[in-house]
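Asks: Required output: the full structure, derived from the provided sequences and hints.
First to last, the sequence lines map onto chains A and B. My numbering applies: residue 1 is where the first sequence begins, and numbers increase by one. My numbering applies: residue 1001 is where the second sequence begins, and numbers increase by one.
Please keep in mind that the hints were generated in silico from the structure rather than gathered at the bench. Please note that the accuracy of each hint is not assured.
[Claimed, not checked] Here are the simulated BS3-like pairs of lysine-lysine, each with C-alpha atoms no more than 30 Å apart in a straight line:
| id | chain 1 | residue 1 | chain 2 | residue 2 |
| --- | --- | --- | --- | --- |
| 1 | B | LYS1043 | A | LYS98 |
| 2 | A | LYS98 | B | LYS1034 |
| 3 | A | LYS98 | B | LYS1035 |
[Claimed, not checked] Just a sample of chain B residues kept apart from chain A, beta carbon distances all over 12 Å, derived:
| id | residue |
| --- | --- |
| 4 | SER1060 |
| 5 | SER1075 |
| 6 | HIS1171 |
| 7 | ASP1277 |
Here a beta-carbon is modelled for each residue, glycine too, at the ideal position from N, C-alpha and C.
Listed here are the chains, written in short residue letters.
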Amino acid sequence: MTTEKLLFNTGEVQDGVQHLCEAVLRDFKENPDYVLLGLHKQGVPLAERIADHLEEKTGTRPAVGKLDISMYRDDIGLRSGLPLIRETVIPFNMEDAKVILVDDVLSSGRAIRAALSAVTSFGRPACLRLAVLIDRGRPEFPIRADYVGFNAFDVDPAQKIVLKLTENDGEDAAVAIQWR
Amino acid sequence: MTAEFRWTRKDLLSLYDLSAEEITYILDTAEEFKKVSERNVKKVPALRGKTVVNFFVEPSTRTRVSFELAEQRLSADIVNMTASTSSLTKGESLLDTVRNIEALQVDLLVMRHRATGAQNFIAQNVSCGVINAGDGAHSHPTQALLDMFTIREKKGRIKGLKVAIIGDILHSRVARSNMWGLLKLGADVVFAGPATLVPREFEEAGVKVCHRLEEALEGADVVNLLRIQHERQSAGFFPSINEYSRFFGINQENIKRLKPDTLIMHPGPINRDVELDSSVADGPNSVILEQVTNGLAVRMAVLFLVAGCGGKR
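Replies: Next comes the structure, spelled out in structure tokens:
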């Protein structure tokens, strides 16, 4: 049985989302000319929540897309099986768009590296930013987040951080579990 | 489908071996790969650094081209071999040939062979992944998967549909593969054709066998025609091509028996005006060219899953 250690409770996760939105707003001011692109699986509901918050604050809701990066990973055949490929939906023109990638946890940075390849196969965005709810602070690639909900630098590298969201898991929480 | 489901097979040999869940998983994966071919950049790096050998001991055009394009769109490195360009012509055994290919650090072998079970034998003796692109009259899993993909895409489901497969069932790996796949997903499968080409033994597997076309067409949601090979006539399976066409060919007249939304399918190559009248092959119910398009997506999905199952390399 896997033991879970609670890192952030429901209120903290929701505060983290709020915090992310404020950081995005500081950057883009009141000019909502950007779009959000959530990475499956947890980045997708996270992007929707950020869009809700931003709509509340500015009165305008940014477009939200979904991106699956399975076909762009660099570890195919190294892992024990692949997750199901989920639907990619890009409801905006990638050419010259200002895109904020949204993911739950920035860990090795490899998922984001794959996301960069995926995004550029749809067009040439004007700029790409990265928003993550949790930053582990030890990327294996030179990749940093522009907007961060929380830092979790002191979590044991032998542990995996799992974000649970009400939309997919019935509750909001971040937990640490032992890697299999 | 459970979120925890993981594809674990290093080979795809026959739909007979697969569960309904595994078949559905391939079809679901193929849906996303179909969209890749609709983008401006039709290529993904999924199999970058992997080497795929297409070893076609039996001639093939469309299946080989489809596999080759699927591999290219997944960024794999590709080597094409045929029987005549291999040392099989010098008397080398099949297993020795394949072991020599494998010694070059190949990741996947896509293989067609005229002997039933050849790929199963090879898969047991090599560590690279093996995908069956057709063995004898036994199995052609990617053809059946693309047929099922097309049916599911057009009809929204497979369960409960009546699928009539008409023609030379006896010699057809397409018919057998469709039978296994469709039955597992809950379709009603009917085999029809002359008694010499559609033996009653298939009933034991759970299909309905009939020797009158009208019976097969009655209430069918899908009609899948198989190519009639001229050499079967000289072997005495039916008196003449003309007679076959008269009793079992689909034409403007008997298509009236069908429901207006019945799908007309054919794995190709078509003998126009033998098993299928030209006007029907090119008519509004025909999804024959969509089958070809979907074949690419299904083969991309199969290559991706087999390569990604955590094989030896």
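Asks: With reference to the structure, classify each hint as holding or not holding.
Replies: Hint-by-hint comparison with the structure:
1. LYS1043/B x LYS98/A: holds, 24 Å
2. LYS98/A x LYS1034/B: holds, 27 Å
3. LYS98/A x LYS1035/B: holds, 23 Å
4. SER1060: Holds, since 26 Å exceeds 12 Å.
5. SER1075: Violated, since 10 Å does not exceed 12 Å.
6. HIS1171: holds, 36 Å
7. ASP1277: The claim holds: ASP1277/B sits with its nearest Cβ about 39 Å from chain A, beyond 12 Å.
Comparing the model with each numbered hint stated earlier shows that hint 5 is the single one that does not hold.
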